Each structure stands twice: as C-alpha cells, then as structure tokens.
Amino acid sequence: MILRRIKAHVEKENWFAVGIDFVIVVMGVFVGIQVANYNESRAEDRRERAYLERLDAEFGYVDGRLDRVIAASDTAELALLRLLQLHDEGPDRLSDDEGKTPAALMNEVVAGVFPATSPSVFEELVSDGELSVIDNSDLRSDLYEFDAVSEVALQAFQLYLNDMRDLRRILYSTLRADPANARADGLPSYGDIETLAFTPDTFFENPAFVQQSMMVLGTIDNNRELAEQQKRLVSRIETLIAEDLSR
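Each residue of the sequence shown is one higher than the one before, starting from 56 at the first, in this note's numbering.
Hints were generated in silico from the structure; no laboratory data involved.
You may find that some hints are simply not true.
[As the list claims (entries may be wrong)] Taking lysine to aspartate or glutamate pairs in the DMTMM-like style, the calculated list, with each CA pair at most 25 Å apart, reads:
id, residue 1, residue 2
1, K286, E179
2, K155, E144
3, K286, D118
4, K286, E99
5, K286, E144
6, K286, E206
7, K286, E178
8, K155, E283
9, K286, E108
10, K286, D276
11, K286, D299
12, K155, D299
13, K286, D221
14, K286, E132
Keep in mind the model is a prediction, meaning the values are calculated, not measured.
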C-alpha cells in the first residue's frame, strides 16, 4: 500500500508527499524494531526470573543440607573426643559423663552426612551456556565461587571417608557380632552398632586408635570449616537473589 502511494507521488513529482511517506516507512521500521527489542527484553527478564526462582528454591535445600553437615560434624567430633577420653582413662570407665557407652559413641562417630554441592539449576545454566541470563555480576561470581568451594568440599569428604574407613575398622574390631552375619570384609553387619557386644580389652589395648582418631578429627574439622564457608556464600547468594526478585 505505502509503496503504491510513493510510486504515485513520484510520478506526480510530489516530493513533499514522498518525503512524508519515507518518514512514515522509517518510523514504522524503527517502531517495529523497538517493539521486537522490548518483547525480547521482556522474554529475557522472564527467563531470568524463572532461573532465579529455581536457584532460590534449590539453595534453600542446600542450606538445610549444610546445617545437617555441620551438626553431624559436631556430633562426630564430640563423640570421638569422649571416646578418646574413655580410652585414656582405661577399662574402669565404660561410659562417659552422660552415661553413653563406647558402642553408643561409636554409633555417633560413624554417622556422616554427604556434603552439599551446587544446585542442579546452576549446572544446567553452565552446561547450556545460559549463565549470562543472570544479569547480576555479583551473583554470577558468588555462584561460581560456591561451585568451586563445593568441589573442594567433595574432595575433603573423600579424605574423611578414607580416614573414617580405617577408624571404623578399629572401632568395629572392638564389637563382637555373630560370625554368620559378618560382611565379606570382616566387619560386622550392623543396623545399630549399639546392639553389638563391646569387648573392652580390644578397645583399650589398641594403640592405633588414638593416632587414627586424631587424623579423623582433623578431617572432621576441615569438612565443618568448608561447610561453614559454603553457608556464608549461600547467605550472600540468597540475599542477592531476593534483591533481584523484589525488583
């Protein structure tokens, strides 16, 4: 339609009308581009908000797991320290100040919690090359830092498992179970190890217990420190997400 009008005006040499038609065409193209850009921006904002809401939900779960990691570390450390105290005091002490037996304390020592890792939505954003949809550069930086600390926490947890495996062998060697129920590796097949019979002589005469316990205490402290570092990062991340979602 507009092209026919321009052609007619050119044939009549009505240059003023041609100029007006040209301006109309240019303005139409400009407005069309602006509308398209606006729609694209709105779609990008919706995508970002959807990711932020998913990150917010998943970091809530991560924060809860970190609380469990820290609580389990505290429990295991306290139980192991009390076992060391009992070991130091000798066979005359078969329970701690709270009346817990060595077997009960052992049960608390071996109860670990797998560390928290980066939320799946962060892994999705990175693998799909979509992290740039998060406009807040501070948030992107903290997400990367949390992921890096999480990788270290996983490696530290593996060291803890290795040290704990050796300590578990020492601890379980003091417990007597039905040989028919023993596992292939010789350790007792247990549900609650408090139900297994404790043999004091095996516990108090094992010099390797103290050395291995000190190694495990070090890895427990390391795991807790990493979990606390993750907690601080989660707090910063959740604050940034809340600020962005409130806009």
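Original post:
Against which earlier hints does the structure fall short, listed by number upward?
Top reply: 4, 5, 8, 12, 13
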